[in-house]
Amino acid sequence: MSAAPGIAIGDRLARAPRTPLESYRDDGPLARLLGTAVGRLVPVPPLPLALVGLAGLLIAIAVEGDGASNGTVAAAIAWFVLWAGISSGRPHIDRFAWALPGAVRVGEYGSLIWIGANVGESSSAGAFALIAVLAFRHYDLVYRARFQGKPPAALLDVVLGGWDGRLVFVTLLLVADALPAALFALAGILAVVLVTECVASWARHSAGPVSIYEDEEDEGD
Amino acid sequence: MATELQSPPQRRPPVQLSGNVTTAVLVATAAADDGGPAAALPWDGGTLLERLLQQMAELGLEDVHVVTRPQFEEVLRPAIDRAGAAVHVCAGPTEDLAAIADLADGTTGGFVVALADAVVDLGALEGLLASPGIATGVLGTGIAAGGTFGMRGRLARGRLVSASSAYHSVSGPRMSFLGVLKVAAGDTPAFAEAAAELRDLTADGIPEHWQKELQHKTEQWRMALGRAALKAERRDARDALEAAGRGRDELPPMEPEAYARRKRELAHSLPPDDEAELALRYEAAKQDVVSLLLVGLVRRGVHMGNSGIRRFFYARPLSRAAAAEVAASMAEHDEERVRLNSAVKGTDGFFTTFFVSTWSRYVARWAARIGLSPNQVTVIALCVGTCAGVAFATGERAGYIAGAVLLYLSFVFDCVDGQLARYTRRYSKFGAYLDSVFDRAKEYIAFAGLGIGASSSEVWILAGAMLTLQTVRHSFDFSYGATDRQAIAETPQPPAAQPPDDALGRARMKSRDTLEPNLGLLDRAASAAELREAEDDESNGKETERAVPKSLPRRILASWRVLDRIPGLIWLKKMAAFPIGERFAVICVTAALFTPRTTFIVLLAWGGFALLYTSTGRTLRTLAKWRSLPR
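Each protein sequence line maps, in turn, to chains A and B.
Under our numbering, the first residue of the first sequence is numbered 1, with each subsequent residue one higher.
Under our numbering, the first residue of the second sequence is numbered 1001, with each subsequent residue one higher.
Be aware that a few hints might be false.
Selected chain B positions facing chain A (Cβ under 8 angstroms, derived; list incomplete) [claimed, not checked]:
hint : residue
1    : His1333
2    : Tyr1480
3    : Ala1482
Some chain A residues near chain B, calculated using beta-carbon distances under 8 angstroms [claimed, not checked]:
hint : residue
4    : Trp79
5    : Phe184
6    : Gly188
Just so you have them, the derived chain A footprint on chain B, three or more residues with Cβ under 8 angstroms [what the hints assert, rightly or not]:
hint : stretch
7    : 1438-1451
8    : 1473-1479
These aren't lab readings, by the way, just hints derived from the structure by calculation.
Beta carbons are placed, not taken as given, at the ideal position from N, Cα and C, and that holds for glycine.
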C-alpha cells in the first residue's frame, strides 16, 4: 500500500468537521475510520446507510426487549456502529442529510437505554445519567458554535470517543459485568471533562465580533 | 399597577451597540410638500432631523454625517452644526453614493444609515443596533404595516434575501423595509464596494430599464390608491344601505372585470391629496439611496438580519399636515409601555403567552429596577428548577406538588431573563448560551427528579426515552435549520445592475414589455384575488404572487398555511409542536396530580406526535424544494 491513503485517513481522524451537520453527528475516530475506509466505496447517500444500521438495532430491541443476551446486544450495537459509521464518510449534502445527526442520536441513546434495561434496576438510572451528560455534549456542540462562533475543541472528538467509541466501550463494560457502577462512573468522568472544557473555553473567549443569529424557530416550525 | 404603568420613563444608561457601529449617516434628501426638506418638518418644537440627531446622541454615536441637497443646506445647517455633525452637500443620488463610499472607505467601524425624515422610537433603533443577534441588518415590519409606499423585502429564515429600491423589485415580498440600515464593522468593506458600485451604475444617469421599474412601481402605488378608493366607495355604499335600514351584505359583489375597471377608473382620477402624495413619494423614492444601498448589500450576498419594529412607532411624513397627524398619534403612544410589551417574544407558544408572559414582563421590569442582570435571573431560574427536581425526588405527594409549583416558577424566571435582556438591551453571547443550556438542564433535572421519586426501572426507561425524544427533536430542528441556512447562503444573487431579483422576475419584466396580450390574463387573476381581499377587507397592497406550477408537496404546504387564517387554529398548530411552555405545563400538572409514570407517558405521547408532525412538515418542505447542496 502506498502512503497516500494512510495520510488521508490520518487527516480525516484529526481534522475538525467542516459542516454543522458533520459536527452535530459527534463522530469519533472509529466512525471516521469506517467512513473513510468503506464510506467512499458505497455510492449511496448517508441517510439510507444510517437507517439500515438503526433499523437492525431497533428490531433487535423490539424483539428481545429487556431479556437480550450480551451477545445479542453486542451484535446489534456492532451492526449499528458499522452502518452509521460508514454513513459518516458520505457527503452530507443530499436533501435529507438533516435527519442524520438525529438518527445517530436515536441509535446511541436507544442502545444505552437498552443496555441499562437489560442489566436491571439501577442500571436504568445509570443509563439515564449517562445520556443526560451526553445530551449536554450534543447541545453544547450546537450552542457553542452559535454563540461563540466556533464548535468545542476538536480534541474532544477523540477524548470522548464519539458516539461510536462510547457505544463500543459501554458494550465492553457490559460484557465485563461492570454495570451499573461503571455507567455512573463514566457519566461522572464525562461530565467533569465536558464542563471543564466548556468553562475554560468561555474563560478564554473574548467578546469579539462574532456574527450570530437568534434562531427563533428552534422549537419547530 | 395602573398608576405604575404610566410612570415616566427612567433615564437609561446608553446601550452597548453591537457590530462595532461607530458612524451614522442620515440621508436628508427627500422634499416635503412645501419644497423644503422633509427632514425640516416641524416636530415637538424642533424638526424631524433634530429628533433623529438627538436619538443618535442617546445611542452614543458621535461620528454623525448628514447627506443633503444644495437647496436644503441653509435650512438644515444650524441643527447639524448644533449637533456637531458633518454635512455633505450633494447634487444628486450619485454624489450621495460617492460621499458614502468615501466615508466607508476611510472607516473601520460599522455604520447606521437612516432616512433623516423618519419618525421612529428609540427602542426600535436599539432593537436593531444593540442586538448581538443582528450583525448587519435592517429595521423591518410586516408588509401591511409598511404602508402603500414602503420598500419591500423577502426574508428566508430571518435573513433578508431580496430587497427593493426605486429601481429594484422583489418577487414574493414578505416584509417592509423601514429606512434604517445597520452595517457591522466586518461588512464595512462590502458596504463601501456596494456604494461605489451603485455610484458607477448611476454615474451616467439612471439606466433606462431602471426607469421602467420605477414607472411600474409608481403605477402599482397608483393602483393601490385606486383600490383603497374603491374599498372606501363600497364601504360608503354599505353604510348607505345600513342607513336605509337594510343589511350591509346586500351590496352585490362585483365581477372581477367590473372591479378591475372601476379600480383603474378611480386610480386615474385620484383626489388631489392622493395625487400630491403620489408625486411626493415618487420624488422621494428617486432620492432614497438608503434602500439602494440595501439592495447593493443584499445583491453582494452580505448576511442581512431583520429587526422587527414589533409594537414600536414608525412613520415617514412628507408634508406638514402628515407630520402633524403623526405627532398627534405619537402623543397617544407610550413608548415605555411599548418597550416593556415588546420585550415579550412574538413567537412564544400558547402556554407561555397566556400563562407566563401575562405577568412575567412585570417581574422583568421589577428585576430591572432592582438592578438584576439577565444572567443572574438565568442562574436563579436554574436554582429554582433544581429545587423542583429535589422536591420531585422525595417521591411524596407534597413533594410532587411543591416541585410542580417550583418548576412553574423556574419557567417564569426563564422567560424573565430573555425579557429582561430585551427590555434593558443588556444582551451577551455568554448570557444567551447560558440561557439555552440551562433551559435544557432544568427540563432534564425535572426528569431526573421524577425518576428518583418513582425509583422504578420502568420510569427510568421512560425518562430516558423522553430525554432521547426531546434531544432528537431538537437535533432535527438544529440540523434542518443549518441545512436551510446553508442553502440560502449558497443561492446566488443577481447583480445590482439588474432590477428584478431573480430569473422569474426577469421573465415577468420581459412579458411586461413585449407580451401585451398576457397582461390581460394576469390582470384578471390579480383582480380576482383583489376581489376576494376587498370582500374580506384585509388586503394591503400585496404584489402579485409568483405563478409557479405547484407540485403535490407544495400544494399540501400551501393549503396547510391557509389554515392559519382560521382564528385560534394558529395556537393549536403551535401546541401540536409541543413547545417548551407546554412541556413544562404537562410536567407540572401531571406531576402534581398523578404519578411520574403518567407524566412520562403524556410527555412521550404528545412529544411523539409533535416529532411526527414537525418531521412530516419538514419532509414535505424538503421534497418541495428538491435541493442538493453544492459540495
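Evaluation of the provided hints:
Restraint check, His1333 (chain B) versus chain A: the minimum CB separation of about 26 angstroms is more than 8 angstroms; hint violated. At its closest, the beta carbon of Tyr1480 (chain B) sits 4 angstroms from a beta carbon of chain A; the interface hint therefore holds under the 8 angstroms criterion. Hint on Ala1482 (chain B) holds. Least Cβ distance to chain A is approximately 4 angstroms, under the 8 angstroms limit. A hinted interface residue such as Trp79 (chain A) counts as satisfied when its beta carbon comes closer than 8 angstroms to some beta carbon of chain B; here the least separation is about 19 angstroms, so the hint is violated.
With a cut of 8 angstroms, the hint placing Phe184 (chain A) at the interface with chain B is violated, because the nearest CB-to-CB distance is about 13 angstroms. Because the closest C-beta pair between Gly188 (chain A) and chain B is about 14 angstroms apart, greater than 8 angstroms, the hint is violated. With 6 residues having a Cβ less than 8 angstroms from any Cβ of chain A, the stretch 1438-1451 of chain B passes the three-residue criterion, so the hint holds. With 7 residues bearing a CB less than 8 angstroms from a CB of chain A, the stretch 1473-1479 of chain B meets the requirement of three and the coverage assertion stands.
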